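Enquirer: Here's the letter readout for the chains.
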Amino acid sequence: MTQSADAAPETGSPLPQFPMRRTCPFSEPGEYAGMRADNPVSRAALKVNGKPTWLVTRHEHVRQVLGDGRVSSNLKMPGYPHQFHIPEEMLAQVRLMMLNMDPPEHSAQRRMLIPEFTARRVKEMRPRIQEIVDERIDAMLAAGGPVDLVTALALPVPSLVICELLGVPYEDHPQFEEWSAAMMNHDLSPAEYGAAVQALDMYLDKLVTLKETEPGDDLISRFLEKNRTEQVADHVDVVTMARLMLVGGHETTANMIALGVLALLRHPEQMAELQADPALLPNAIEELLRVFSISDSGTARVAAEDIEVGDVTIRAGEGILALNNAANHDESVFPDAGTLDIHRKEARSHLAFGYGIHQCIGANLARVELEAVYGTLLRRVPGLRLAAEPDELRFKDDAMVYGVYELPVTW
Amino acid sequence: MTADPIGVPLMRVTTERDRCVGSGQCAMLSPEVFDQDDEGLVTVLQEEPADELREGVLQAADLCPSRSIRVHG
Numbered sequence: 001m002t003q004s005a006d007a008a009p010e011t012g013s014p015l016p017q018f019p020m021r022r023t024c025p026f027s028e029p030g031e032y033a034g035m036r037a038d039n040p041v042s043r044a045a046l047k048v049n050g051k052p053t054w055l056v057t058r059h060e061h062v063r064q065v066l067g068d069g070r071v072s073s074n075l076k077m078p079g080y081p082h083q084f085h086i087p088e089e090m091l092a093q094v095r096l097m098m099l100n101m102d103p104p105e106h107s108a109q110r111r112m113l114i115p116e117f118t119a120r121r122v123k124e125m126r127p128r129i130q131e132i133v134d135e136r137i138d139a140m141l142a143a144g145g146p147v148d149l150v151t152a153l154a155l156p157v158p159s160l161v162i163c164e165l166l167g168v169p170y171e172d173h174p175q176f177e178e179w180s181a182a183m184m185n186h187d188l189s190p191a192e193y194g195a196a197v198q199a200l201d202m203y204l205d206k207l208v209t210l211k212e213t214e215p216g217d218d219l220i221s222r223f224l225e226k227n228r229t230e231q232v233a234d235h236v237d238v239v240t241m242a243r244l245m246l247v248g249g250h251e252t253t254a255n256m257i258a259l260g261v262l263a264l265l266r267h268p269e270q271m272a273e274l275q276a277d278p279a280l281l282p283n284a285i286e287e288l289l290r291v292f293s294i295s296d297s298g299t300a301r302v303a304a305e306d307i308e309v310g311d312v313t314i315r316a317g318e319g320i321l322a323l324n325n326a327a328n329h330d331e332s333v334f335p336d337a338g339t340l341d342i343h344r345k346e347a348r349s350h351l352a353f354g355y356g357i358h359q360c361i362g363a364n365l366a367r368v369e370l371e372a373v374y375g376t377l378l379r380r381v382p383g384l385r386l387a388a389e390p391d392e393l394r395f396k397d398d399a400m401v402y403g404v405y406e407l408p409v410t411w
Numbered sequence: 001m002t003a004d005p006i007g008v009p010l011m012r013v014t015t016e017r018d019r020c021v022g023s024g025q026c027a028m029l030s031p032e033v034f035d036q037d038d039e040g041l042v043t044v045l046q047e048e049p050a051d052e053l054r055e056g057v058l059q060a061a062d063l064c065p066s067r068s069i070r071v072h073g
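Chains as they are written, first to last, in this note's numbering: chain A, 1 to 411; chain B, 1 to 73.
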C-alpha cells in the first residue's frame, strides 16, 4: 500500500490529533499500541495548526527514519511538523539551532562540541557532580521534610552542572529557568514564546560578548577559541548554541530526576533492590529513561526526498514525527513494555535520547547526573516517601518535555 | 579474515570515523575495544578482539546512533 499525507483519507473520518495524552504518567498515550500494531506509519493532524504529519511508531521504523540522510531536521522547510504556532515572518527570522541543522552545517557545529561530552570528560565531571548532589541533599535534610523535590533537588542539580560547564553564573538561574520553562510550553502564544527566547538570547548575548574578550575555563569560551580557527559559527550562532545547551542541559534532566524518583517510590520492591545493590542502578536508569521517554516528539523531521517506511511512501516535503515513546513501548523489542523492570536486559536499546546524527549530545552527562542523584538519595535518604496523594500530582501533559510540576516528599 | 592458532575465525571490527557523531556509547559499552580520540571520535583499540568481548562489541555496534561500527565474523 502506498499513501501520502496529502491524499484524501480513504474513509471520511478525521485524522487523529497530535499530540496525544498519556493515559497515566507511567505509560504511553493509549492510541500508540493500536497504531504500532495496525498502522505503524500513519497520519495525524497537528493540534496547533491542523496540518497533516506522519507518525512513526515502531522501534525499527523510528531508527530507520532517524538514521536516514534523506530526512531533514530543518524547521524552515515547508511541511516540517511544528508543534508550536510560529508565524511565517517569525520563522524566517529564526536562527537554526544545531538540532534543526542538516549536514554539513550540523556536522561542523557538532564536532566543535563532541570533545566536551566524551565518556572520559563526563567521567571527570563525576566528582564535582557528586559534590553538587551532596550539597543539595545536605540542605534538604537540614530543612526537614516535607519538601518539593523538584525545587530542592531535581532542578538545581542539572542547572548547577550545566551552568558550571557552560560558564553561566548560577545566581542568574531564576531568570533563565523561567524563560526555558516557558519555551517548553505548547500552549504559549507566539508572542509569549518569542519573548522568552528573546529574553534568554539577550542574556546569553551579553555573556558571550564578555567571554569573547575575557574567556574562562568553560564550554562557551572553548567554543569561541576553537571557532577562531574553525570559523563555523558567527556571534548569533554561538548565542543560539549556548541557549540550546543551557535549556537542553537542565530542563530534560530535571524532569527525569523527579519522574524517576516518583517511579521508584511507586515500585518499593525495586527501590529496595537498588538500595541493596547500587550496581543495578545503570540498567535501572536506562529502564526509567525508556518508560518515561520524556521527549517523545522531540524527533520532528521532514522528508527531503521520497522515502519508504514499512509499507508507506513518505513524499518529499511531508512532515514526520518519529515517536520515541511509541518505539520504547514496542513489544517486539521490549516484552511486557508497560512494566517497569530495572533488570530488563534490553533496556539500553531505548531511543529516549533519539537516534542518528542528532542523538542527544549530553546523554552520557545526563546518565551520570541521574546516577549521582538516584544513588545518593537511596543511600542517604532511605526513608524517602511521597508527601502527597498520587492523584494530586500535576503532570506536564501540555509541554514539549514530559515531567511533574511538583513532587512533595518527606522521610 | 584471520584465525586464532586453533583455526577459529576471529571477529574483526572496523569503524567509519567520518560518520561518527561522538555519542561515546561504544567507549562506555566496550571500553576494551573502543575509545574516543582527542576530537571525541571513535577509535578502535583492538581490531580483532577476543571472543569474550563479542557481546559488548555487538551491543556497541547495534546502539551506535550513526551506524559507524561494523563487525565482521
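Keep in mind the hints are simulated off the structure, nothing from the lab.
Honestly, I wouldn't trust all of these hints.
[Said to hold, decoys possible] For the chain A half of the interface with chain B, some residues (derived, Cβ under 10 Å), not all of them:
1) G67
2) V122
3) R126
4) Y355
5) Q359
6) I361
7) T376
8) R379
9) V381
Predicted, not measured: the structure shown is a model, and the values here were computed from it.
Positions of the beta carbon are idealized from the N, C-alpha and C atoms, including for glycine.
Enquirer: For each hint, tell me whether it holds in the structure or not.
Expert: Hint check:
no., hint, verdict
1, G67, "6 Å, holds"
2, V122, "8 Å, holds"
3, R126, "13 Å, violated"
4, Y355, "5 Å, holds"
5, Q359, "4 Å, holds"
6, I361, "8 Å, holds"
7, T376, "21 Å, violated"
8, R379, "23 Å, violated"
9, V381, "28 Å, violated"
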